[in-house]
Each structure stands twice: as C-alpha cells, then as structure tokens.
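Student: In case you want the letters, here they are:
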Amino acid sequence: MIDFSMYGAKAPTIKAYKCLTCGTVYYPAPMVCGKCSARRDPVTGKGWETFDLEGSCVLLTWTRVWNLPEGYTEKYLLFGIVQFENGLRASGQLEVEEPKTGMKLNATVKESDERPGKPVNVFVFKE
Amino acid sequence: MAIKVGIVGIGHTRFGNSSEYDLADVMAYAATDALEDAGFLERRREVDQVIVGNMASGMFCHQSAVASSLVSRMDMEPVPAELVENGPASGASAIKIGYMAVASGMADIVLVVGGEIMRKVSGWNATDIVATMLHTEAEYNMGLTLPAFGGMFTRLYMEKYGLTERDLALVAVKNHKNGAKNKYAHIQAPCTIEAIADGPEAAVVNNYIAEPLRMYSTCPVSDGAAAVLLVNMDSPKVKDFRKKPVRIAGVASATDTHCVHNRKDPLRLDAVRLAAEKAYKMAGVGPKDISFAELHDAFTILELAISEEVGFFERGTSFLAVRKGETEIDGRLPINTSGGLKSKGHPVGATGVSQAVELVRQLRGEAEEGRQVKNPRYGMSVNFGGFGNNVVALICAKD
Amino acid sequence: MAIDELEKKLRPPEIPLKPYPSKVITLASGEKMVVREARREETGILLGTIYPLIGVSADYYDIVAARMYSEVLAWYRYRVANEFVLVGSIDGVIAGIVNSRHVTNKLGMSLHTLAIKRGLRVGAQLFAAKMEHHIDVLGEEEVYIVAESPIGFKRWMIELQLEDRSSQFPDVRSELGGVPTFVLTRKLWDAVRDVKCTGTRPVSEEDLKSANKLIMPSEYVQIPGFKR
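Protein chains in written order, with the numbering used here: chain B, 1 to 127; chain R, 1001 to 1399; chain P, 2001 to 2228.
Don't read these hints as lab results, they were simulated from the structure. Warning: the hint list may mix true and false statements.
Here are some of the chain B residues that sit facing chain R, going by a computed Cβ distance under 7 Å [said to hold, decoys possible]:
| no. | residue |
| --- | --- |
| 1 | R64 |
| 2 | T73 |
| 3 | L77 |
Straight-line C-alpha distance at most 25 Å; calculated DSS-like pairs for lysine-lysine [what the hints assert, rightly or not]:
| no. | chain 1 | residue 1 | chain 2 | residue 2 |
| --- | --- | --- | --- | --- |
| 4 | P | K2187 | B | K75 |
| 5 | R | K1264 | B | K35 |
| 6 | R | K1160 | B | K104 |
| 7 | B | K118 | P | K2154 |
| 8 | B | K104 | B | K15 |
| 9 | R | K1374 | R | K1324 |
| 10 | P | K2154 | R | K1120 |
| 11 | R | K1004 | R | K1243 |
| 12 | B | K46 | B | K35 |
| 13 | R | K1183 | B | K100 |
| 14 | R | K1281 | R | K1004 |
| 15 | R | K1183 | P | K2227 |
| 16 | R | K1160 | R | K1264 |
| 17 | B | K15 | R | K1264 |
| 18 | B | K100 | R | K1264 |
| 19 | R | K1278 | B | K104 |
| 20 | P | K2196 | B | K75 |
| 21 | R | K1264 | B | K18 |
| 22 | P | K2154 | B | K75 |
We put the beta carbon where it would ideally sit given N, CA and C, even for glycine.
Make a model of the complete structure from these sequences and hints.
Tutor: In structure tokens:
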C-alpha cells in the first residue's frame, strides 16, 4: 500500500528558530541573526534550525477584546502575551476562565480560518 | 550653514465622515487651504515637490498612487510628487521627508499633505485593515488588533503604577473639552467624568473595547486631510508668503521591534524616546523647554506613556499630573490642545500633519479662544506608527 | 371614540401589558436621557418626529422610518396587536424611538429602532431597553430579531450572539418583511444584560417632569438644513 504518513494530518505547530552559528533563538523568524549576523535562507534553511514553540509559559499581560475585526463572529476574544521557559515570547488567544498576569499556562496551536485567505496557525494559551 | 526649514501655510479639513468624497478631493481641499493660507495658490506650480502621507488608500478606498492623483486634482502638473507610508505615522514621516527635501537643497518649497478616508468600509473592516500593520504570522493571524495591544499595554501600566480607569477617563474629558472648541475636530462635544466614569451607568455608557480600555479611551475612526507648506527660510521667496514661517526646529524618527512581544521591556516605548532625543538634540532644547505638545492618543494610555518617554514626567507619574490638571490648556504643560486623536479624530495618514497644523496654529496665536496656549515658544508632536515600532517626533519653534 | 360592534371586530384582541418602568441614563455628554413608554395620545409628536427620516436613504433610515411610521400609526388606531413603544428623550426632546410587539406570553417580535440623536449610542441603549421590556418586564422567553441595516445586523447578531434560526425559514420567520430570523433567548439576554443594559430607577420627579411633554427635534444630523 502507498505510505501517506509523511503527508499525515499532524497537529498544527508554530515554529521558533535557532541560529546554529551562535545558538540564539528567535520567534518569529528573522532574516539575519541579531547577534552574529548569520543569514537565514528561507528556502534551504541552512545554518538555522526550527523547533516547536510549545509547552509551559507564563502570562505577561492580557486583554478581553469586544470589538473584533471583520470575519470574527465571537462576542469577545481573550488575548495575551506569554513568555516561555527558553525566554522566547509570543502573542495569541487565551482559553482561560479568569486570566491573571503571572499565571502559568500551556501553549497549544489550532488551525483557524477566521482571517481571510488560507487557514493559519494560531496560538491558544490554555490553563 | 544648515538650511532652516519653516512652515508657511497650513490647511485642514473638518475631520469626521467624508466617506462620500474621493480621497484625492479631500486631500486637495486641505492642500488648497494651505496654499491659500500662504497666499501662494496662484503660484502653486512653483512648488518644487509634493509629498503625500497616506497609510492604506488601497485597502480603504481601493485606490493607489494617491500622490499622483492629488497633483492632478490640484492642477499642479508637472510638480514632482511621491507617497510616504508609515502606518499611522505617515503624516509626520511625510513632513520629515519634506524637511529632508528642503534641507538637502533640492527643493525650496515643499507641499506636504496627509490624508485618509477610512469610513467607506465598515468599522469591522477598518479594524482589520489597521491590524495589517502587525506581524502577519505572529500577531495578525492570531486575531490581534491595535486595540488589543493597547489593552495589554494599559493592563501592564495599571498593574505597575496604579493608574486607574478613571484616570484614563479624565484625559478623555480634557481632550473632549479642547476638541469642542477646535473647528477641525471630528467630535466637538464635551463629555463629563460623571457620565463616563463615576456615574451608575458609566460602565455601559463607556463600554469596554479591549479591557481595560473603554470606548472613551480609544479614538474614533475618521476621514480627513491636513496640509503644510514647507519653505527654505533663507529662500528669497519667503517674503512672498502671507505669513512668517514657523520654524521646524527638530524632526527625527526611530524604529523598534515589529512584534510587540519582542520589545525589550514591555512597558517602554524606546522608539518614542529615541526619536524625541534626536529631535531635542537637533533643536538644541530639552523637555523643559517645550511649551505644549500633541501626543498620539489613539489609546488614551499612549498620551500618558508618550509624555513620560519624551521626558515631560517621571515614568509612571504622568497620570498624577493629569489628576492635578497640569496638562489642561491653562496648566503647566498643555497636552493635546487640539483635542488629541480622541476628540479631533484619527484619519491615520493625516494625523501627523494635523498635529503639525496644531503646533503652527498655537505658535502663531491662531487657535480658538479658550484653547490658545499663552505665549508658547516650542511645540512638540509625537506621531506613533504601528504599536510604537516606528515613531516620528517633531519640534516647532516660534523665533 | 365610541366602540361599536364593528370596531370591536376590527380591533385585535388585547393582552394586558405591564407598563415599562421608566429609567434615566446619563449619556457620555452628561445629558440625561429619560427612557419611558410612549402614550397613545403622543402619537402625533412621534409621527412628526419619524416622518422627516422617510426621505433619508443613508443607513436604511428611509425604510426603518417608513415602517415605524406605519407601526406607530397602526398602534394608535388599534390595528396592530399588543405593540409597545418606548421613547428616549433629553429635556423632552425625542432622541430615539423603539417599538415591538408582544406576540404571546412567551414570544416577542422586535420591530424597529430609530435613533435620531447620533454619536451617543442612543440606538444601542434604547434597543437594550426594548429587550429589557420583552424579557425582564413582560416575561417573554424569546424575541425574534431581524435587521434592515448591515450595521444593525452586526451589532445585534454578533454582539448579542443571537441564536440563528434562519435555516428554519420559512416556517420560522419574522413579521418584519417575513424574513429569516435570529432570536434573543432569555439565556442569551442574561449573558449580556450587565454589559448592554443600564439605567437608574426610579426617575426623579424633576427628570420625569422634563420628559412628560415630548418635543419633536428641531434638527436632524441626518438631514442637513432641515427646517420643520
């Protein structure tokens, strides 16, 4: 039988980038390393490594937005900025009953088609 | 010897709803006002360069190349014209580039026009279009918008310094009071602190937009245009203008990380500080010399945070000064004498030029009664692009 | 008027409706808007207020005004069943009018929301007052709501998260144009009441007095150069 596993529908992930020359990590991806100026080639990826940005993180700040842009049908959405253990930070949606700055959350990723165009990967930080 | 650049003509439409008009017409209206103010309308083809500031005419109005269309609308061919885009700081960037054109010696007279029509599309679409400034993968795709970042910044500020929602409402009351007297303001209606903060219905009347920011802490969506005519102050043509030029003493800009989460310190607006420092240096003045300021209050928290970054107040204390009335028209340091973005409105591409028009009106003593600063010497404006990742500071002087 | 046998037949059956308890809202400008139920004898003033907007095509004012005019007139002439009309006034001057029908003890039919004073969320406040009357005062379980204007649609359908019964059209439909409908249930109203509905009760003697004699607005932002 034909092995389709490499096309398998995996859970969506969001990637962070590591410069292999000096070891600095980034999210989102730069084109030039801020520390050692190594170039990143988006086609070959040479000299850089990607890894999944996931797992436990701390909530730095959050908001509940009532006026959502065109395309969203929710009454409101919770958003927050978190910091991961490796020092990287990210922004995304929150699925939390009562958000409080400083609380520990778990970063997950969902695929969303709320924005126009192809579906995109969205961070959802959960309790 | 460095070339001195001055503003010799100003024009401004009534900000509000101009969505039934063509963008080029709205900008031409302001441009014509500026040329008339300078007494130069018949000689407009002697302008060496037109610079237009506009953020997103392609998305809002389905139009592009707006600098080119403006020149023709003004019957100003073959004057060269280019568009400058810097998000909501497009206006001040257009002034900065116009300044550079004069200071380089390549142009003696430059017409700078900033304009935007945002209300042809719905409010939800406008929010989406403005959000395109954000990092696509890491911010826009998540559903984040500018108010969302305003809210998150405000929360951090409140938790660190003790700012309350009522303090933000006080700023709105001040700005609406000023805007009510400004003939160009979008909203010319004062609001009361009882109605938007203290009263029993305030929580619903002044509803949350992006907690803890409320409706009266966020600026309206507006259409409009503003224009300034720049001149080389040593040009022999200077005497041909109706009024003495108001000198641009300093103009500078700086950038910061695109992603808000990558700012070194989430509570600092480094681009504001750096732009202001460079502008102060150029002008040979410091924060203590500034008589009044127009600070980009797209979200009221920004009026407070920017006033600290440019050195008017110690970090975390600006709202204490507001409580004491220090930033009122008759206070120690009037801020947003025009009504700010909150009351004057915020057609994104026009705001930077609109702020400069206010600086000139105040320095010339031409502001309406009740909102004229007494004997101003230096006026400063800060135009905030993105969520603080591209900021322009401008200082004008009355010599 | 004398109600003879024929008139009795022409009038719809009446369900006694609890009166709307008046309230006052301080709008952002500091102005106080008294929200109270309109009286039939005020119909002339209401119609005179609505009428000029029939010519304004922007924001669908024309169709809302035309339909509300006929609904208020029919209410006055007892030719529509169990309609109620709420009016918001500032110093007596009408700022907005809303109307609806109490169809059964369990079902309400939202008719129209007309905001004359703009920039102060008068429409939103009066719409919320209308829903308050349907569910909290009259005790209905759900209200059918439709919109003629795209803005109205988004404000209500999205901000109140109305239940979408448009797929059940045409069996489930609004009287307003017979179109597919959305529904505000008691549960949905409970979820948004605190954020959408406000007002102080009871209304002071002074404020009630100022709202007692309704006055037609002398200017309309929607009609530049309007002269009554």
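Student: With reference to the structure, classify each hint as holding or not holding.
Tutor: Cross-check of the supplied hints:
no. : hint                 : in the structure
1   : R64                  : holds (4 Å)
2   : T73                  : violated (11 Å)
3   : L77                  : holds (6 Å)
4   : P/K2187 with B/K75   : holds (15 Å)
5   : R/K1264 with B/K35   : holds (15 Å)
6   : R/K1160 with B/K104  : holds (19 Å)
7   : B/K118 with P/K2154  : holds (24 Å)
8   : B/K104 with B/K15    : holds (21 Å)
9   : R/K1374 with R/K1324 : holds (19 Å)
10  : P/K2154 with R/K1120 : holds (17 Å)
11  : R/K1004 with R/K1243 : holds (16 Å)
12  : B/K46 with B/K35     : holds (17 Å)
13  : R/K1183 with B/K100  : violated (44 Å)
14  : R/K1281 with R/K1004 : holds (15 Å)
15  : R/K1183 with P/K2227 : holds (24 Å)
16  : R/K1160 with R/K1264 : holds (16 Å)
17  : B/K15 with R/K1264   : holds (21 Å)
18  : B/K100 with R/K1264  : holds (22 Å)
19  : R/K1278 with B/K104  : violated (40 Å)
20  : P/K2196 with B/K75   : holds (12 Å)
21  : R/K1264 with B/K18   : holds (19 Å)
22  : P/K2154 with B/K75   : holds (11 Å)
Taken one by one, the earlier hints fail for this structure at numbers 2, 13, 19, listed in ascending order.
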